[in-house]
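Asks: Assemble the whole structure, with the sequences as input and the hints as a guide.
From first to last, the protein sequence lines stand for chains Z and X. Quick note, in this note's numbering, the first sequence goes up one by one and the last residue is 341. Quick note, in this note's numbering, the second sequence goes up one by one and the last residue is 1297.
In case anyone wonders, no lab produced these hints; they're calculated from the structure. Careful, some of the hints might be misleading.
Stated by the list, open to error - Using 25 Å as the maximum straight-line C-alpha spacing, the simulated PhoX-like pairs for lysine-lysine come out as follows: (1) Z:Lys90 <-> Z:Lys302; (2) X:Lys1183 <-> X:Lys1213; (3) X:Lys1183 <-> Z:Lys39; (4) Z:Lys99 <-> Z:Lys302; (5) X:Lys1213 <-> Z:Lys224; (6) X:Lys1151 <-> Z:Lys302; (7) Z:Lys224 <-> X:Lys1027; (8) Z:Lys99 <-> Z:Lys196.
To be verified - Now the in silico label distances, taken between C-beta atoms and shown as ranges: (9) Z:Lys196 <-> X:Phe1063: 19 to 29 Å; (10) Z:Ile113 <-> X:Lys1183: 32 to 42 Å; (11) Z:Ala239 <-> X:Pro1122: 46 to 56 Å; (12) X:Gly1254 <-> Z:Ile113: 31 to 41 Å; (13) X:Ala1217 <-> Z:Ile63: 30 to 40 Å; (14) X:Ile1043 <-> Z:Val40: 55 to 65 Å.
Keep in mind it's a predicted model, so treat the numbers as computed, not measured. For each residue, glycine too, the CB sits at the ideal point set by N, CA and C.
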Amino acid sequence: MTSVKTQQSRNGDGLAAVVPATAPPQVIKRRRKPLTWDKVSFFAVFLGLPLAIYLLFVIWPFIQAFGYSLTDWSGFSPNQNFIGLENYAKIFTDDIFMKAMGNNILLVIFLPIITIILSLVLASLVTVGGSSKGQIKGLRNSSFYRVVSFFPYTIPAIAIGIMWGQIYDPSGGLLNGILTGVGLDQFKDFAWLGDKNTAMIATMFVIVWGFVGFYMVLFVAGIKGIPAELFEAARIDGAGRFRTAVSITIPLIRDNIQTAYIYMGILALDAFVYMAALNSGGGPDNSTLVMAQQLFFTAFSKGQFGLASAMGVVLAIATLIFSGLVFAVNKLTGGDKDVSL
Amino acid sequence: MSTKVSTPEMKSLHFQPRTPATSTGDKVVGAVSHTALTIWTLIVILPLLWTFMSSFKTSSEIFASPFSLPAEWKLDNYVKAWSEAGIGSAFLNSVIVVAVALVIVMVLGAMCAYVLARYTFPGSRAIYYLMLAGLTFPIFLAMVPLFFVLKNMGLLNTLPGLILVYVGFALPFTVFFLFSFFKSLPHEITEAAALDGAGEWRTFFQVMLPMAKPGLASVAIFNFLGLWNQFLIPVSINAAGPRVLSQELAAFAGQMGYAVDYGALFAAVSVTVIPVLIVYVIFQRQLQGSVSQGTSK
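Replies: Right, dumping it as structure tokens:
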């Protein structure tokens, strides 16, 4: 869409507006110049080089994955037989993979919601927690909270996982130390990651811990982008803090929330690093096993590359369905038509 | 009605904006806000402090009590982690791989975004959407075929192979972000450069690239964090190669079940966390600015 607009403004006549972006080059002035060495070399390097790397290392593997998913290739045998959708049938009748998929669905339902609500609340406290008189302003000394909350985002996920693995440690861990310290002796030697009832919740908390700060900063930026007059107008009309947050802030930073929701959802469908660090074997009763772990294991330990590729395709389709759902829900509930990722 | 109410409000806004009377309600809200934020801050910072403190303790001290201070503040654990556990060489590998990949992806990404944003030619839209597709697909899908692409090129388990793959996967985000940035730069400037006799190359490197500096800085920060934290790509295609930091950490934690040296593990985590944290604290102003830039497209 944007390119049509630019053409219109550049040419100034109505005709150009209906010419699609990839139209013959007559309408564009700069194409009339003769092809010089400068221009040819410029295009070859500027477009050719990045595209070559991108196509070879990103697009080509993606395409191949779809092809492999229809074969029984084990990676080390020279021949691969076309077996149609057999791999997919195998996946969907495999109890362990279905269990992993269920865990991913759990993550997709809870992770984005919890992270976003928590970071929205914190962002609101920072931005509109200040005085209700005079100019709209944030809480005093709040930048300290913002800076500290962002810390986890700078830490590699694997380090976060290992660190929390130690915090959850039954005997020497920080968490049980605190809990028994305040008198909750039933948590003495309680294995948070070793009990199938708590393993998933404990794992989710780690991921939330890692991302709340980032989204809080994102939402703070969004809220600061809202003109102060709007808040003032709402206040004059008698809206309290809560009402302002629900009726003014959230609708106006809706796009940011949608972006956050999609990113968190994609992360929840992956979640490989956290799971690998906290419970590399899939946890008690496979309660924290995710599809990505199963894929990794199938490919690089069992060498069933055809089957693993099919799992990858399932994962990709799940991601697409999720993104589509978020867009659809946002649109149906009256969100912006222009979707910005 | 509303005008009547707003007049005193406006007055106070204009004439005494610095001394608003604080009501009891405000104080309560302020106190509650500070409490909630403080609690979250503690949740964030305590695990980090605890990890740092534990990195000085011996294994038996760690088991004795999670809270006790180390008897001696010695760097033994750090020495052990850095040399014996290979965190040192992995750290250097990480620095090399991320630095080289970052430079390449910034240059290539800027060039590609520039061409796509400033020139219209058959297929330019298609290329742009191809880039977008790379942003949405899960990396997982590509790992198995990528393994064999690199194997056939002889780049499997090598740092150059890792660098090229990092560049490939960081490219879509870089192009996508810089595309809108180059698009917003005025066209008159390119024309002026062309009139002054600058060729396409010179126009880009001497005129456009310096103008895009703020955008480049933001993308570079996010690319750095993304590549530094990368885990899946190295464990898939560099499993037997010279390890990078995230890989070495995972390997170190993985063998822990047998030879337990928790102190060294905490030291290894601290070594991973602290440098980036320090850089972040120094540059946090710019970074917070770029978060808002990156999302207000």
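Asks: Taking each numbered hint in turn, which are not upheld by the structure, reported in ascending numerical order?
Replies: Going through the list in order, the structure violates no hint and respects every one.
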